[in-house]
Each structure stands twice: as C-alpha cells, then as structure tokens.
Amino acid sequence: MKKDSIRKTIMGLIIPVLILLLWFYVTTYGSIPSGILPSIPKVGITFQEMIQSGQLQQDLLVSLYRVVKGYLVSALLGIVLGSLMGMFPTVKELFLPIVTVIRQIPMIAWIPLVILWCGIGELSKVVIIVLAAFFPILVNTQNGIENTPKGYIEVARLYQLTPWNTFTKVYLPHALPHILVGLKLGLGIAWMAVVAAELIAATTGIGYRMSNARSMMQSNVVIVCMIVIGIIGVLMDKAIGMLFSQFTPWQTGEKKS
Amino acid sequence: MNDITKNATKATDEWIVNVQHLNKQFVVDKQPIDILHDINLQVKKGEFITIVGHSGCGKSTLLKIICGLVPHENGIVKRNGHAVTGPGPKCGMVFQDHRLLPWLKIKDNVGFGLKHLSKEERMQKVTEHLELVGLKDFANSYPSQLSGGMSQRAAIARGLANNPTILLLDEPFGALDALTRIQMQKEILRIQAKENTTMIMVTHDIDEAIYLGDRIVVMSARPGEIKEIITPDPIESKKRGSALFAKYKKKIYDYFFEDSAHECEAEYMI
Numbered sequence: 086m087k088k089d090s091i092r093k094t095i096m097g098l099i100i101p102v103l104i105l106l107l108w109f110y111v112t113t114y115g116s117i118p119s120g121i122l123p124s125i126p127k128v129g130i131t132f133q134e135m136i137q138s139g140q141l142q143q144d145l146l147v148s149l150y151r152v153v154k155g156y157l158v159s160a161l162l163g164i165v166l167g168s169l170m171g172m173f174p175t176v177k178e179l180f181l182p183i184v185t186v187i188r189q190i191p192m193i194a195w196i197p198l199v200i201l202w203c204g205i206g207e208l209s210k211v212v213i214i215v216l217a218a219f220f221p222i223l224v225n226t227q228n229g230i231e232n233t234p235k236g237y238i239e240v241a242r243l244y245q246l247t248p249w250n251t252f253t254k255v256y257l258p259h260a261l262p263h264i265l266v267g268l269k270l271g272l273g274i275a276w277m278a279v280v281a282a283e284l285i286a287a288t289t290g291i292g293y294r295m296s297n298a299r300s301m302m303q304s305n306v307v308i309v310c311m312i313v314i315g316i317i318g319v320l321m322d323k324a325i326g327m328l329f330s331q332f333t334p335w336q337t338g339e340k341k342s
Numbered sequence: 334m335n336d337i338t339k340n341a342t343k344a345t346d347e348w349i350v351n352v353q354h355l356n357k358q359f360v361v362d363k364q365p366i367d368i369l370h371d372i373n374l375q376v377k378k379g380e381f382i383t384i385v386g387h388s389g390c391g392k393s394t395l396l397k398i399i400c401g402l403v404p405h406e407n408g409i410v411k412r413n414g415h416a417v418t419g420p421g422p423k424c425g426m427v428f429q430d431h432r433l434l435p436w437l438k439i440k441d442n443v444g445f446g447l448k449h450l451s452k453e454e455r456m457q458k459v460t461e462h463l464e465l466v467g468l469k470d471f472a473n474s475y476p477s478q479l480s481g482g483m484s485q486r487a488a489i490a491r492g493l494a495n496n497p498t499i500l501l502l503d504e505p506f507g508a509l510d511a512l513t514r515i516q517m518q519k520e521i522l523r524i525q526a527k528e529n530t531t532m533i534m535v536t537h538d539i540d541e542a543i544y545l546g547d548r549i550v551v552m553s554a555r556p557g558e559i560k561e562i563i564t565p566d567p568i569e570s571k572k573r574g575s576a577l578f579a580k581y582k583k584k585i586y587d588y589f590f591e592d593s594a595h596e597c598e599a600e601y602m603i
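Chain order of the listed sequences is A and B.
Residue numbering for the first sequence follows the working numbering, starting at 86 and increasing by one per position.
Residue numbering for the second sequence follows the working numbering, starting at 334 and increasing by one per position.
Just so you know, the hints here were simulated from the structure itself, not pulled from any lab data.
This one's a predicted model, so the numbers in the text were calculated from it and none came from an experiment.
All C-beta atoms in this analysis are idealised placements derived from N, C-alpha and C, irrespective of residue type, glycine included.
Hints are not guaranteed to be accurate.
Derived CB-CB ranges, DEER-like [said to hold, decoys possible]:
#1 A:S90 to B:R555: 56 to 62 Å
#2 A:L162 to B:D430: 31 to 37 Å
#3 B:P404 to A:Q336: 58 to 64 Å
Cut-off 25 Å, straight-line C-alpha distance, at most; resulting in silico cross-link-like pairs (DMTMM-like, lysine to aspartate or glutamate) [stated by the list, open to error]:
#4 A:K235 to B:D441
#5 B:K438 to A:E239
#6 A:K235 to B:D362
#7 B:K583 to B:D566
Where chain B lies over chain A, by a calculated footprint (3+ residues, C-beta under 8 Å) [said to hold, decoys possible]:
#8 206–219
#9 237–251
#10 255–263
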C-alpha cells in the first residue's frame, strides 16, 4: 500500500522534472529571448517580488471573491431547478431541451454577449461564472433526484410524509452524492471561467494581471500567474472533496472520491 | 376488557381487515390484465394469515391495496371497519427488499414513521423495538454495515415501531438463507405473540406458510384468485416433521401442480 503510493509519486514526477530540465537547458544554453521564455530563477524571483508587494494576493483575492459570488448563485439555481426537474416530469420536459442546447455553447463564447449586456465590471464576471458552473450542478442534481428508487418513495408514502418531508428525507439525501459531484465539477469550472473572463475584459484580478503582463512582454509574470492558478485549482478541488466526504458518512470508502 | 373491545369492534365491523369482491386490473401496453379476481378475505384481530402462491399472482398487489399504496377501483377493502383510501399509521408494511434508507442510521430508520413524537418518546420507542428484534447494539450503524437478516429485522422493527394494529409482510424472508429464515420465522412468531399485532404475510415458501399461518390462503396466478383458505391445526403445524405438516404441504403442492397441469392443457389446445 505504502510502496504503491511512493511509486505513484515517483511516476507522477518524471514528466514535470523532464520539462523543468528542458526549460533549464534552453534558457541557459539556448538563445530564446527572456521576454518569450524567462529562466527558472527569474520566475522564482518574480514570484517572490509579487508576494512581497502584495500584488499577487490582492489579485487572487479579487478573483476568488468573484468565484464565491458566482458559485453560490449557480449552486442555488442549479440545485433548485435540478430538484424540480428531477421530481416533476413536466418541468423536465419544459427545460431539458433548451438546457441541452445551451450547454453546448462553450463558456468563453458567452463572454462577448455578457460584456455587451453587463459591461466589464463585477457583474459580467459573476454572470459568466454562473453560466459556466450552473450546468454541471443542474444536470447532476436532476440525475440524482430523478433516480431515487421508487421503493424509498413508497416507504415515504407508507409513513405519510408531507411532500416537503419526502423531498428533504428521501429525494435530497439520495441525490446528495450526485449533487456533491456537480458542485465539485462546478467549482473547478467557475475558477477557469473567472480567469477566462478576466483575461478578455477586466481591470482587476489574476486574469487581468496575466493579460496586462502579456502586453508588456513580461512572460515571467504570465508564468507565475499560470502556476498559481493551477495550484489554487488543485487545492480547491482537494479541499471541497475532503469537505464533502463528511456530508455522506453512509457511503463506504470505495464511493468517496 | 377484551370483551368490551370485542363488542366495540363488532358494532362497526367484526373484522380488522375485510376484503370483499375485490378485482384489480393493470393496463400493460394498453391491454388490461387481470391481477386479482374476486378476492374475499376477512381477518380477525391478532390473527396470522399467510398467503402462498406463485410469483406474480398478485399477492404483493393485494397487500399494497390493503395498506393503501395501490388504489382499488371496485369491491370493498376495509381496515378497522373503515374503507381504505390511503396509507394510515395503524397499518405497517415490511417489504421483501428491506428498504431501509441507506443515509439514515438504524435508529433513525426504525424511527422513520415516528416524526410526530417528541425526541425522547421517539428514542424510547426505537430502543424498545430494536431490543425486540435484537439489534440494540447496532442503533448507530448504517444499513450497509448490516447483514441481510439484520437488515430485515431492522425493517420489521420499523414496521412495528409506531404500534400498528396490522402489519403486512411482503415476502420478508425471501432473500435470506434457509437457516436465517427459520430463525426469523421463530422470531416473528415470538414478536407477534408479544405485540398481538395482526399479521398478513405473503410468501412463496410453503413450509413457511404452514409454520406461521393461523390460516393459509392459497392463491392461483393470472388472475390471482383465492383457491382455498386452510386452517391448520395450531399445534401440529408448528412441528415441521409432523405427519399433519406433511399433509398440509402435499395439499398445497397439489394446488400448484394442478395449476400447471391446466396450463399445459391450455397450451396444447392452442
């Protein structure tokens, strides 16, 4: 078991180390201008400088705040509409076709229209996050609610639960693991959406920092931002995974992700 | 005391469960299919009725009609003298697949029908019934941590927890191994004697039907009809090796044998 995890770690590190070696080689012995590819030490120094000046933290805070706002709205909308679609066939018939079509539109394709309608302020970022994170939450919620076994619903009828109690005691707990999958996916997508939205039109945030650095040929800042975005994405995913596994104590090991 | 209650029930209806001229059809692919045909069954308080028949003969549907989970369009179905319009607190049901909710601990599953009680009263009822089925130590376990027999006992505890006057059991031991099943049969008799609950159990196990039933309802399939109601000797039917037990067994076997013989004839005629 332990040996296996050591092996996994080593295997996972091989490619990153090779990339770093290649990067080190071409920046030391090659003739690539530093505006295109900075050296590894320079990226490290830039990272340190950005932390010390407080700029990186401020950019991240702005972006994360947008994610929180957009994510909460999409979670609320997704769970409510998903539950209604899962419980009432009429609601499903009404919404499913349009949802299926809209889902196919890539999240970045919304950005031009959202900017036209909402400007380049806070609102447009939140709207883009909502549009991106809403669908995985909606679809997973609907799926979980809809697949509640008939037998459990019969038990609720036998004990004469009110419709609301049937929802909270039977449908919702059954759908919870599915909803959590949707929420986990949604958070990752929300994080990607905020960066994309800020890259295209913003005056603050981590995405704006990247786009600003690009226009000044500061590839070192661009790379620092990319690495930070990646790491934050992984941390959020792990954190939400750990948090959510507490919510479904009845599921034994193999079902937890 | 007993006489007073007896008289009181007599005034409204003598029977705790009263089914008269019940027919039931399901529509499958726009074709009406007869599930139950002219069912007549009267059950006294405290009686243990077993219904034995082929799979798909409408036994389960009959139970669901009695407890109000499936509506009936014609005939009379009464519980405690009142026409059945839907599920009620005085009628519990135990399903073949225990149907414990996987997200609730055993104690919360057993207390699932007790939402109207205060927390203390609920816990007291739950503990009492977990003790009755011998699962006191598993109150805080989840259903996935219990074996099949334990899950089924928990389901019986849930069925009994709100003190129903009638408990309907739909092949509750069908998924258990033979030894566990015999164990459970003994326990259900013990529980019934203790709680004096009227029980109607559907089964396809003839031995089980004879061993448990004060009366055995033999049903045929398609449409589900009552062929005969056998009242076995109350002492001899509890001895699995007795001559009388074997006699009842043969009698019931013959019903099903005769049934299949008819089916063969029908096939030849086509």
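Verification of the supplied hints:
1. A:S90 to B:R555: 56 to 62 Å: holds (59 Å)
2. A:L162 to B:D430: 31 to 37 Å: For A:L162 and B:D430 the Cβ distance comes to about 35 Å; the hint holds.
3. B:P404 to A:Q336: 58 to 64 Å: Because 36 Å falls outside the window, the suggested range is violated.
4. A:K235 to B:D441: Between A:K235 and B:D441 the Cα gap is close to 20 Å, so the pair holds against 25 Å.
5. B:K438 to A:E239: This hinted pair holds, its Cα atoms lying about 19 Å apart.
6. A:K235 to B:D362: holds (21 Å)
7. B:K583 to B:D566: Since the Cα atoms of B:K583 and B:D566 sit roughly 15 Å apart, the hinted pair holds (cutoff 25 Å).
8. 206–219: Violated - the segment 206–219 of chain A has 0 residues with a Cβ nearer than 8 Å to chain B, which falls short of three.
9. 237–251: holds (count 9)
10. 255–263: holds (count 4)
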